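Colleague: Add 36 to a position in the sequence shown, counting from 1, and you land on the number used in the working numbering.
Note that these hints are calculated values from the structure, not bench results. Predicted model, so just to flag it, every value in this text is computed and none were measured. For each residue, glycine too, the CB sits at the ideal point set by N, CA and C. It is possible that part of the hints are untrue.
[To be verified] Calculated cross-link-like contacts (lysine-lysine; reagent style DSS-like; alpha-carbon spacing at most 27 Å):
| no. | residue 1 | residue 2 |
| --- | --- | --- |
| 1 | K76 | K104 |
| 2 | K104 | K362 |
| 3 | K418 | K489 |
| 4 | K474 | K548 |
[As the list claims (entries may be wrong)] Computed Cβ-Cβ distance ranges for the label pairs, DEER-style:
| no. | residue 1 | residue 2 | range |
| --- | --- | --- | --- |
| 5 | N475 | P65 | 51 to 59 Å |
| 6 | T420 | P65 | 25 to 33 Å |
| 7 | H239 | F122 | 41 to 49 Å |
| 8 | S417 | G129 | 35 to 43 Å |
| 9 | R157 | S259 | 53 to 61 Å |
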Amino acid sequence: MEPVLRHFWPSFTPETAPNNWLFDFHADPLTPITLHFGLKSSRFSYLLQHLNEVSDPSHQRYGDYLSKEDADALVRADEETAAEVFEWLNFHGMAKRQEGGEIEERRVWFTVPTNVGTAERMLHTRYAWYKHSSNRNTRILRTLQYSLPRHLDSCIDVIHPTTYFPSIKAMHTSRIRIANGTGMYVNVQFLKELYRAANYTPHSYATNVLGIPGFLEEYPSQSDLNTFLQISVPAANNTNYTLNSISVNGGFNSTSPSSPGMEANLDVQYGAGLIWPLGIKFWSVGGRPDPSQFIPDASIPDTTDVEPYLTWLNWLLEQSNEEIPKVITISYGDDEQTFPPEYARKVCDAFAQLGARGVSVLVASGDSGVGADACLRNDGSKRTAFIPDFPSSCPYVTSVGGTTMPYGAYVNNGTAETAAEFSGGGFSNLFGRPDWQKNAVGSYLNATGSNYKGLFNNTGRAYPDLSAQAKDYLVVVNASLGLLYGTSASTPSSLGFLNPMIYALSSNANLKAFNDVVNGSNPGCGTPGFAARKGWDPVTGVGTPIFDALQALLNK
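Please build the complete structure, drawing on both the sequences and the hints.
Modeller: What follows is the structure, encoded as structure tokens:
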């Protein structure tokens with residue numbers, strides 16, 4: 037029986053590869069390689085049904101979240117599928133316990149070490165080393181096409197590494213300037229007053245914590261956090277507030293790094309400042325993922341900055357509901373097109389599992405407006421297009437854009453906010469538009485007509501969902517004060533997956549739950565970008581939150 041061709045690059049020869057990767061030499065058959073097989077679940081649609089029901093404020097099951105055991109049962113492959121794949125792996129000598137790894141039991145991923153020769157026989161292909169034109173020291177092991185036995189085509193979603201050529205950007209904040217005591221800056225009290233939360237103190241108990249993952253060797257400093265709290269939250273003085281840092285996949289587990297990261301410090305300091313006296317779990321995620329999980333594009337040519345989303349998510353999903361914080365904020369993102377579609381869907385499906393288990397996941401929308409500098413598609417066409425950001429484009433996370441406040445504006449007047457010009461926003465090329473945002477997004481598209489026709493997918497998942505201040509945050513780094521900006525600064529009873537609730541509240545003109553931001557745009561790709569306007573827009577979403585109004589509505 038002929039194998040099924042799963043993926044190939046039609047425009048390239050063995051000597052060339054997509055997106056400026058160059059053939060170096062064929063791999064030795066004895067070269068070690070670890071293959072990752074993502075198995076298909078026949079019941080995942082039921083998990084999405086649960087997610088939609090428990091996240092819909094009008095549904096009778098609203099808030100009735102799944103247990104870990106129930107969610108696991110809906111995402112694992114059935115026994116027949118797992119047995120088919122296991123038999124195939126066993127035939128090639130890969131399914132038995134081996135030094136360095138073994139078949140996983142959850143029936144979601146099978147991860148096995150082997151060598152290139154075995155992988156080539158299994159996948160009817162030829163592996164080679166490729167190097168990138170912009171960095172000849174970066175080599176990756178890849179193939180230009182691969183096939184599967186026909187009977188396994190319906191059993192396996194993803195195989196890595198195969199035809200996908202790596203690249204990624206770090207969306208984390210890298211912009212810092214020294215605070216000189218003049219001009220306007222954002223601090224904890226400013227945010228609380230702006231969003232009408234100044235008179236609220238959260239109820240503190242052991243499981244009521246905020247979760248923050250740290251990637252790319254970014255680590256927060258406990259001493260910087262202590263200094264920040266002394267300046268910004270006087271009530272926290274002398275309380276011995278301690279950051280709970282947890283190592284995942286060998287991540288550096290110390291809150292006293294010699295070079296603390298700006299992104300990690302920003303996330304932790306404002307997370308702690310806004311939710312004090314609640315605690316924070318900071319996951320220090322080590323190990324950059326297999327380069328096969330990414331596709332390079334013109335603005336992100338190498339693998340030096342990689343966030344191992346699935347490494348962290350797979351670990352997190354193994355924890356009990358009691359161990360997982362009910363709110364998680366993520367301040368990292370990548371061009372959506374650098375991810376293989378099936379890999380991006382696996383990551384997105386993992387976020388859906390968290391939502392079904394009652395976890396709210398907020399993700400910064402990106403700092404590149406409508407697209408990164410090059411604004412070129414990496415599908416071989418090299419055409420100019422807006423470049424959406426991932427994981428913001430995943431429909432199962434809440435994407436948070438950025439706003440700014442004009443100098444001298446009255447702090448309690450949220451209408452003074454304008455869209456930050458760097459605020460990421462747009463439309464996914466991988467994920468369709470969910471029902472809960474169709475009306476809001478449709479109104480925007482109807483009002484703006486055919487602007488930028490062909491530059492974006494007007495039927496895709498639209499983002500951001502809402503926004504918050506994103507510029508000139510006062511932070512402490514290595515005991516010095518500085519000012520940072522970026523949409524990562526915007527993100528922080530369980531509410532679970534928030535988006536259906538956000539759009540339901542924003543669609544009711546009688547409920548004033550958000551400040552509608554109507555000024556500004558997010559330029560990029562040689563265009564003015566999308567413009568903020570009345571209602572939802574792809575710069576600031578439905579607007580910025582009015583905390584006391586939201587609290588009153590949700591308490592009902």
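Colleague: Hints first: check each against the structure and report whether it holds.
Modeller: Each hint tested on the structure:
Distance restraint check for K76 and K104: the Cα-Cα separation of roughly 19 Å lies within the 27 Å cut-off, and the hinted pair is therefore satisfied. A C-alpha spacing of about 14 Å is found between K104 and K362, which places the hinted pair at or below 27 Å, so the restraint holds. Among the hinted pairs, K418 with K489 is consistent with the structure: their alpha-carbon atoms are about 17 Å apart, no more than 27 Å. For the given pair, K474 sits about 20 Å from K548 by alpha-carbon distance, which is consistent with the 27 Å threshold.
For the pair N475 and P65, the beta carbons lie near 56 Å from each other, so the given range of 51 to 59 Å is met. For the pair T420 and P65, the beta carbons lie near 42 Å from each other, so the given range of 25 to 33 Å is not met. At roughly 48 Å, the beta-carbon separation of H239 and F122 lies within the given 41 to 49 Å, and the hint holds. For S417 and G129, the Cβ-Cβ distance of about 41 Å falls inside the hinted range of 35 to 43 Å, so the restraint holds.
Separated by about 55 Å at the C-beta atoms, R157 and S259 satisfy the suggested range of 53 to 61 Å.
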